[in-house]
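Chains as they are written, first to last, in my numbering: chain A, 1 to 109; chain B, 110 to 348; chain C, 349 to 463.
Simulated from the structure, these hints should not be mistaken for lab results. There may be inaccurate statements among the hints.
Said to hold, decoys possible - Residues on chain B that point at chain C, a partial pick, calculated with CB under 8 Å:
1) Arg194
2) Asp267
3) Gln271
4) His313
5) Ser314
6) Gln316
7) Ser317
8) Ala330
9) Lys336
10) Ala340
Just so it is clear, CB atoms sit at the ideal spot from N, CA and C, and this is done for glycine as well.
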Amino acid sequence: MLGLHLYMLQRLSALLLAPLIAVHIGVMLFATQGGLSAAEILGRTQGSVAWALYYGVFVAAAAVHGAIGLRVIAFEWLKVPASCLTPLTWVAGLVLAALGARAVVAVIG
Amino acid sequence: MDELIAVRVFRGDDRAGAWCSYRVPRQESQTVLDVVTWIQRNAEPALAYRFACRVGMCGSCAMTVNGEPRWTCRTHVRNVAADNRLEIAPLRNLPVIKDLVTDMTEFFEKWTRAKAVFEPSATRADPLPLISPEGEQRKAASEGIECINCAVCYAACDTVRQHAGYLGPAALNRAWTLVNDERDAGNRARLAAVTGPEGCTSCHSHQSCQKYCPNELNPTAAIAGLKRKAAAAYLRGGR
Amino acid sequence: MRREARVRREPLWLAHLVHRVSGLVLVTFLPVHFLVLGLALERTDTLDAFLRWGENPAVKLAESILVLALGLHLFGGLRLLALEFLPWSPAQKTYAATAAGLAVILSLGFFFNAV
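With the rest of the complex left out, here is chain A:
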């Protein structure tokens, strides 16, 4: 029940997320060796423009993709009325984006 705009946003965000996730998995596999600590994480990410850009784009794409996915689930499974779908999608997207942005700021400093 997505129009063409939302459909394309969903697919394009997916295309963007795929390589970002591949990198993230790689980093996690590397980082979790020998245990994780706050210092180790921050040592890698703090002050880094590259990580800021990377995680910034990651958060934006994930927020869009997750919100649109929730929209479809709300419509098909929860039978949410059509008039409530757009506000719901915006709220979901903004919550994800806000929490994500806070997390990016937290680790980039």
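Please arrange chains B and C on chain A, whose structure you already have, making use of the hints.
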């Protein structure tokens, strides 16, 4: 000694209905349509059902047999009632008028809403267009044009079930054949019609339509084609 | 009233359900993940305590299940992107099975690497 098949048939409509049981003599080379006909002639004259050609050409006899949508005239009892039990119900996803007869109105209305109708681009005064049978588009159209609107795919589609306004596999499959018809002039309006919230973007690619189509068509592939066309137009800046 | 379950035993219907459920798991996990990372803002000692707690094998198992969800959604999603943007391939069931297999391998790899 006659073998008997235990047959449960849905009787009633959307407001009230029940399974009714009958015992039908089993025969060599018997189809489910034969079973339904036997019941109506010998056990329950008021049983309502549809059929026409009874040779697998018209699609009128489509019903749900043991949970699966099929043409009953082309379903041999020996293939579906190995344990001498049969369950016959009307097609899913359509309102029931009575017993095994469904109301096909919405199915055909969605066909129209999808603009799955040929729009001529020439008049009789113009020369005939020469379409090669080997052309990409002609082959794509050929793969979908044998649809006889039997609604088996529509009944099989779980997305139709969850999404009442979804145009459905048959309408979208026909739209795709027309998108590939080089003589057609209606593609702008047609693409807009099939890419709304109730169009091809709602398909979740379960491929139940392809599995159950008695003519071996593949609406999922046709819908994927529509998605591709729509995406290309979108990225080029059109809509 | 009418028997409906049969149509849902299709492998590709199951693939869709897996994609949807894994997506739900991920979108539920994500805010929690962001909140934990947000601890780095002012409460790095809380973050460290959390990370130490996370060394527990039971937590690693839970994380591996999350990685499974991620793999299923990612590889299943790639199959869908190919289905929708590339020329049609009839081998969808094979691709779906391959996607599931890769996700399991990824999850096991994560688990054995992490514990």
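Do the hints match the structure? See the list:
Of the supplied interface hints, the one on B:Arg194 is violated, with its beta-carbon coming no nearer than about 12 Å to a beta-carbon of chain C, more than 8 Å. Because the closest C-beta pair between B:Asp267 and chain C is about 6 Å apart, less than 8 Å, the hint holds. This hint is violated: B:Gln271 has a C-beta 11 Å from the nearest C-beta of chain C, more than the 8 Å allowed. Checking B:His313 against chain C: minimum C-beta separation of about 5 Å stays under 8 Å; hint holds.
Because the closest C-beta pair between B:Ser314 and chain C is about 6 Å apart, less than 8 Å, the hint holds. Annotation: interface hint on B:Gln316 holds; nearest CB of chain C at approximately 5 Å, less than 8 Å. The interface hint given for B:Ser317 is met, as the beta carbon of that residue sits about 5 Å from the closest beta carbon of chain C, less than 8 Å. Proximity of B:Ala330 to chain C holds as hinted, the smallest CB-CB distance being about 4 Å (cut-off 8 Å).
The restraint placing B:Lys336 at the interface with chain C holds, with a minimum CB-CB distance near 5 Å, inside the 8 Å limit. A least Cβ separation of about 7 Å between B:Ala340 and chain C falls short of the 8 Å threshold, and the interface hint therefore holds.
Checked against the numbered hints given earlier, this structure breaks hints 1, 3; the rest are met.
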